[in-house]
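These protein sequences, in sequence, are chains A and B.
Under my numbering, residues 1 to 849 are what the first sequence spells out, in order.
Under my numbering, residues 1 to 133 are what the second sequence spells out, in order.
Think of the hints as simulated: they come from the structure by calculation, not from any bench.
Warning: the hint list may mix true and false statements.
As the list claims (entries may be wrong) - In silico DSS-like cross-links for lysine-lysine, where the CA-CA straight-line distance does not exceed 27 Å:
| hint | chain 1 | residue 1 | chain 2 | residue 2 |
| --- | --- | --- | --- | --- |
| 1 | A | Lys565 | A | Lys681 |
| 2 | B | Lys98 | A | Lys531 |
| 3 | B | Lys2 | B | Lys43 |
| 4 | A | Lys531 | A | Lys434 |
| 5 | A | Lys112 | A | Lys30 |
| 6 | A | Lys531 | B | Lys43 |
| 7 | A | Lys291 | B | Lys2 |
| 8 | A | Lys496 | A | Lys531 |
| 9 | A | Lys112 | A | Lys599 |
| 10 | A | Lys599 | A | Lys565 |
| 11 | A | Lys608 | A | Lys531 |
| 12 | A | Lys353 | B | Lys2 |
Unchecked claim - A short list of chain A residues far from chain B (calculated; beta carbon distances all over 12 Å):
| hint | residue |
| --- | --- |
| 13 | Lys434 |
| 14 | Ser647 |
| 15 | Ile685 |
As the list claims (entries may be wrong) - Restraint ranges, calculated between C-beta atoms of paired labels, are given here:
| hint | chain 1 | residue 1 | chain 2 | residue 2 | range |
| --- | --- | --- | --- | --- | --- |
| 16 | A | Gln538 | B | Asp110 | 15 to 21 Å |
| 17 | B | Asp53 | A | Glu724 | 40 to 46 Å |
| 18 | A | Gly731 | B | Asp110 | 32 to 38 Å |
Beta carbons: idealized from backbone N, C-alpha and C, even for Gly.
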Amino acid sequence: MIGIIGKSLIILAFLSSILAILFYYLDSKKPNQRLSTLGHSFFILKGVFITVASGLLVYLLFTNQFQYYYVYNYTSLDLQAQYLAAAFYSGQEGSFMLWVLMSFLVGLALIKWTSPVYRSPMMFFFSLTQFFLLFMLLGIDVFGNTLGASPFRTLQEQMPNLPVWAVNPDFVPADGSGLNDLLRSPWIVIHPPFIFLGFAMMTIPYAFALAALWRRAYQDWIYPALPWALGANLSLLIAIFLGGYWAYETLSFGGYWAWDPVENASLVPWIVGVAGIHTMLIQRRSASSKKASLIFAILAYILVVYQTFLTRSGVLGEASVHSFVDLGLYNQLLLFVFAMIIMAVVLFALRYKDMPSQEREDPILSKEFMMFAGALVLFMSGLVIILGTSSPIIGHFFVANPTPPEMSFYNNWSIPFAVAISIMTVITQHLWWKKIANVEDLATHLTWPIVITSVVTVATIVLGDIRNPVYMIYILAAYFALFGNGWLMINIYRSKPRMIGGTLTHVGFAVMLLGFMGSAFDRPMLDAETKRYNQAVQRGDVIDSDGFPVVQPMHMIELFKDEPKLIDDRYLVTFLDARITEDNRPGEQEYTLRIEDTKRNNRAFYIKPQVYPMLASSQMGSVSWTVDPEVSMGFFSDIYSYVAGSSLVDREFDNWNQGQFSPVEQSSEIIIYDGSGQETKTVRIRRGGTITVDNFVISFSDFEFLPPEEYPANATIAVKAMLEMQNTVTGDVFSVRPTFAIIREGDSNNTFAPVEEIEGSNMTLQFTNVNPNSEEIELQISGIHSVEEKEWVLLTIEKKPFVSVVWLGTILLMIGFSVSIVRRWNDQKRREVNEKRGVKQDDDNEMYT
Amino acid sequence: MKPRLIVGLVFMIAFTSLVLYNFSGSIGSYIDFEEAQVREGSKAYVIGTWVRDMPHGFNNESRTFNFHMMDEQGNIRRVVYNNAKPQNFEDAIQLVVKGSMSNEVFYSDDMLVKCPSKYNDESPEFTAAEAAI
Numbered sequence: 001m002i003g004i005i006g007k008s009l010i011i012l013a014f015l016s017s018i019l020a021i022l023f024y025y026l027d028s029k030k031p032n033q034r035l036s037t038l039g040h041s042f043f044i045l046k047g048v049f050i051t052v053a054s055g056l057l058v059y060l061l062f063t064n065q066f067q068y069y070y071v072y073n074y075t076s077l078d079l080q081a082q083y084l085a086a087a088f089y090s091g092q093e094g095s096f097m098l099w100v101l102m103s104f105l106v107g108l109a110l111i112k113w114t115s116p117v118y119r120s121p122m123m124f125f126f127s128l129t130q131f132f133l134l135f136m137l138l139g140i141d142v143f144g145n146t147l148g149a150s151p152f153r154t155l156q157e158q159m160p161n162l163p164v165w166a167v168n169p170d171f172v173p174a175d176g177s178g179l180n181d182l183l184r185s186p187w188i189v190i191h192p193p194f195i196f197l198g199f200a201m202m203t204i205p206y207a208f209a210l211a212a213l214w215r216r217a218y219q220d221w222i223y224p225a226l227p228w229a230l231g232a233n234l235s236l237l238i239a240i241f242l243g244g245y246w247a248y249e250t251l252s253f254g255g256y257w258a259w260d261p262v263e264n265a266s267l268v269p270w271i272v273g274v275a276g277i278h279t280m281l282i283q284r285r286s287a288s289s290k291k292a293s294l295i296f297a298i299l300a301y302i303l304v305v306y307q308t309f310l311t312r313s314g315v316l317g318e319a320s321v322h323s324f325v326d327l328g329l330y331n332q333l334l335l336f337v338f339a340m341i342i343m344a345v346v347l348f349a350l351r352y353k354d355m356p357s358q359e360r361e362d363p364i365l366s367k368e369f370m371m372f373a374g375a376l377v378l379f380m381s382g383l384v385i386i387l388g389t390s391s392p393i394i395g396h397f398f399v400a401n402p403t404p405p406e407m408s409f410y411n412n413w414s415i416p417f418a419v420a421i422s423i424m425t426v427i428t429q430h431l432w433w434k435k436i437a438n439v440e441d442l443a444t445h446l447t448w449p450i451v452i453t454s455v456v457t458v459a460t461i462v463l464g465d466i467r468n469p470v471y472m473i474y475i476l477a478a479y480f481a482l483f484g485n486g487w488l489m490i491n492i493y494r495s496k497p498r499m500i501g502g503t504l505t506h507v508g509f510a511v512m513l514l515g516f517m518g519s520a521f522d523r524p525m526l527d528a529e530t531k532r533y534n535q536a537v538q539r540g541d542v543i544d545s546d547g548f549p550v551v552q553p554m555h556m557i558e559l560f561k562d563e564p565k566l567i568d569d570r571y572l573v574t575f576l577d578a579r580i581t582e583d584n585r586p587g588e589q590e591y592t593l594r595i596e597d598t599k600r601n602n603r604a605f606y607i608k609p610q611v612y613p614m615l616a617s618s619q620m621g622s623v624s625w626t627v628d629p630e631v632s633m634g635f636f637s638d639i640y641s642y643v644a645g646s647s648l649v650d651r652e653f654d655n656w657n658q659g660q661f662s663p664v665e666q667s668s669e670i671i672i673y674d675g676s677g678q679e680t681k682t683v684r685i686r687r688g689g690t691i692t693v694d695n696f697v698i699s700f701s702d703f704e705f706l707p708p709e710e711y712p713a714n715a716t717i718a719v720k721a722m723l724e725m726q727n728t729v730t731g732d733v734f735s736v737r738p739t740f741a742i743i744r745e746g747d748s749n750n751t752f753a754p755v756e757e758i759e760g761s762n763m764t765l766q767f768t769n770v771n772p773n774s775e776e777i778e779l780q781i782s783g784i785h786s787v788e789e790k791e792w793v794l795l796t797i798e799k800k801p802f803v804s805v806v807w808l809g810t811i812l813l814m815i816g817f818s819v820s821i822v823r824r825w826n827d828q829k830r831r832e833v834n835e836k837r838g839v840k841q842d843d844d845n846e847m848y849t
Numbered sequence: 001m002k003p004r005l006i007v008g009l010v011f012m013i014a015f016t017s018l019v020l021y022n023f024s025g026s027i028g029s030y031i032d033f034e035e036a037q038v039r040e041g042s043k044a045y046v047i048g049t050w051v052r053d054m055p056h057g058f059n060n061e062s063r064t065f066n067f068h069m070m071d072e073q074g075n076i077r078r079v080v081y082n083n084a085k086p087q088n089f090e091d092a093i094q095l096v097v098k099g100s101m102s103n104e105v106f107y108s109d110d111m112l113v114k115c116p117s118k119y120n121d122e123s124p125e126f127t128a129a130e131a132a133i
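The shape of chain A in the complex, shown without the other chains:
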């Protein structure tokens, strides 16, 4: 019932959006108060419908109505309230709903604040984008094709062929399939809303640009559009930051950025949006770059739609960890992309002749030219990323079944872009704020920043032992951006503190670039033995049991309880404890490891990575052991770690699975139990041979024949075995000399083999026989089962320099954006007031300092 209401509400919202588009169109053609009121009414009506529909969906989620596919697929009974709420946008359908909802809220603000000149055409375009989003949510059958995927469809509609329906048509699953444990983190609650708020706000500059083309008013649209463009970029930046941070501390890939198509999907619109903001600023200041502003504003949104198509149509299939599968929306998404492009291209072409062209050519050393060039470089970096992301499509021109590009493709291209942009920010900012007529002026202004940059760069290169010339240039450029912009920021702050937004964002950008450099020095922290092993692998000196060279280096270290190991030639790491805490989840384990910094007076800190059994949703009762990495953050470097395996996991494994599926065995080579279950084991070694028993390597070097005077009483012959025993766990080596003798007692010969204790264990050893011909001795070793298994843990531990510097830069960037938004918003308000009074509009805000 609720499902039918929900579906109907979406259809009603869809129809209202059509009417809103119609009335906005008519009003744009021939302005009429009544028409625009009707347009607004339908726009708001649509919003009300979609809000109620969202409310219903949330209600269904909170009341666990698993007969609905969406509820079944994304929730389960054990979910806490915040995750039930987040489940609203966990799936594609819900995230489209959220997008529409955010757009509606933004649209309300637009209706209130947009000047009448642009309002109707802009709302026309804005409503058009909403039309396409609602189209994805329809879920109605037209000529046998389902248009859109409704979040309100039932399980039966989704999977009509399940045999269950024949038995029981009213079947409702007892529980849902739930939310993946990796997604159960507070970040899922706040990350997606920022993405879709950003996407919704990105629509505004697009709609404004098209409205400007329609109205042939190419200048004034940027004033109201600028704060929104800044807002959209701030929102996307926050979303990207949250996403990166979330991935970093939850996933085991060990980084904040992997150039995954879904990550790029929000990065590229952000970059192009930033380019657009810059050209809008030029236009605001000098009434030039008009076409560029229009193009960037349009492109930023088209890229949002294009990347939506990439990630949701299923084309990325293999390329991305978190792309969606095709919901049958492929054609509709493609239509959305083409509609947005065609509309913009046609309108732009129609107005092309009409647009004022640039009469004068700005000199190269002018703020207009430099800023425009900077925007172009940003745009080009965006193009490279789109190219990489589009590899499943564009790659077909080069190879069959194209894979995504290597990460190095993105990383290598980022470096020249970062260098160029860094230098340009400093020059442009100085041209913007200072009176500069020629290169000499510029040089004068930049003297101090250059001096500081040089000193700090040289210091960094020496202290950081940086040998790669490309890195040197990169660091030089980033420091130049930091000190060049920082110097200026301090100047501006003294006279006009509310105008530091621009310089602050550039400082933040520079700090971020410096932080990125750290990722080039990411490395696993290994002990000396593992390092030697890896070097041997590199040389091809390690051979596996089949006789082939081992090609893979080790990325983790093995630790035994209470036995410290020195890693990275500096940190002493000790595995102290492993216990089952069940802090957040059933069966959760926590490991406690101490790390002592030997270069800092053995200052100790503790890391507590966790491991938990995740109930796999694919198979009933199966458990998958999942790591929860631990990041200990430091200003200069983070230490990132997770437990890759342990004796505790091995033991708990059986408890959890109870033989329900074939376990992923954590086979251990070090502990060899006697298969027969005996307490005593008999082994034979030839002279010069070596065998392994439990955690001991026993080598038998030679016999020692005792002189007759040292014979035990009544012995006819006595011999000792010279044994060398190595404890493979502790590395201790010691020798044992067990005796074997033949004793005559009356008529019979008896063997005499005194029991030898083995140091550091409960094992005992007896020399029970000898074969003189083969020179083989027989040893009887007891207490094998009572030998305690050493608690062990395999730890992946990595050093990640300057991650917190990246966060710092991002936060500075956010603050800079916020300061700019406040400033531009106030400017715009003042502008409107002046407009009403009929005061001449001079842009007197950008006074030289």
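On the provided structure of chain A, position chain B as indicated by the hints.
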């Protein structure tokens, strides 16, 4: 034509060709195990699924995770992954392994795990007993 425009054009053409050249060099093809064996030792991407009922497990000695994967052509090979078992491995409906083949064993240093939670074609099997409730 203005000189600046010419410089700009030349620059754009050079840039585009360099990017495309670079791009074509950094992408590869998804192939199957047999082809990967033919190109022994060179970088390969193979798509497949985990074969649950064949031996698998972590080898503490070499610190690698070993399992068997069936590629899209139905070839089954052992995969040696030199990291911990990836998150969501048991739940994955598809794996993409990156690495190289040597002696019919695939040595992987990077793996992409496709989690089914976002997938739509997953059809849960409800038992008759469950349905009767």
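Agreement of Lys291 (chain A) and Lys2 (chain B) with the hint, judged by alpha carbon distance not exceeding 27 Å: OK: Lys291 (chain A) and Lys2 (chain B) at ~19 Å, within 27 Å.
Verify the proposed pairing of Lys353 (chain A) with Lys2 (chain B), using a straight-line Cα cut of 27 Å. holds (20 Å)
If you check the beta carbons of Gly731 (chain A) and Asp110 (chain B), does the distance land in 32 to 38 Å? holds (34 Å)
Keeping to a limit of 27 Å between CA atoms, is the pair of Lys565 (chain A) and Lys681 (chain A) held or broken? violated (32 Å)
Assertion that Ser647 (chain A) lies farther than 12 Å from chain B (Cβ): violated (10 Å)
Claimed clearance of chain B by Lys434 (chain A), with the beta carbon kept past 12 Å: holds (24 Å)
Is Lys496 (chain A) close enough to Lys531 (chain A), meaning Cα to Cα at most 27 Å? Cα-Cα ~56 Å, so violated.
Could you see if the CB distance from Asp53 (chain B) to Glu724 (chain A) stays within 40 to 46 Å? holds (44 Å)
For a C-alpha distance cap of 27 Å, please report whether Lys112 (chain A) and Lys599 (chain A) respect it. Roughly 62 Å separates the two Cα atoms, so the pair is violated.
Just checking, Ile685 (chain A) versus chain B, shortest CB gap more than 12 Å? holds (22 Å)
Can the restraint linking Lys98 (chain B) and Lys531 (chain A) be considered satisfied, given a maximum Cα separation of 27 Å? The hint holds at about 23 Å.
Is Lys531 (chain A) close enough to Lys43 (chain B), meaning Cα to Cα at most 27 Å? Measuring from Cα to Cα gives roughly 24 Å; hence the hint holds.
Hints 1, 3, 4, 8, 9 and 14 from the earlier list are contradicted by this structure; the remaining hints agree with it.
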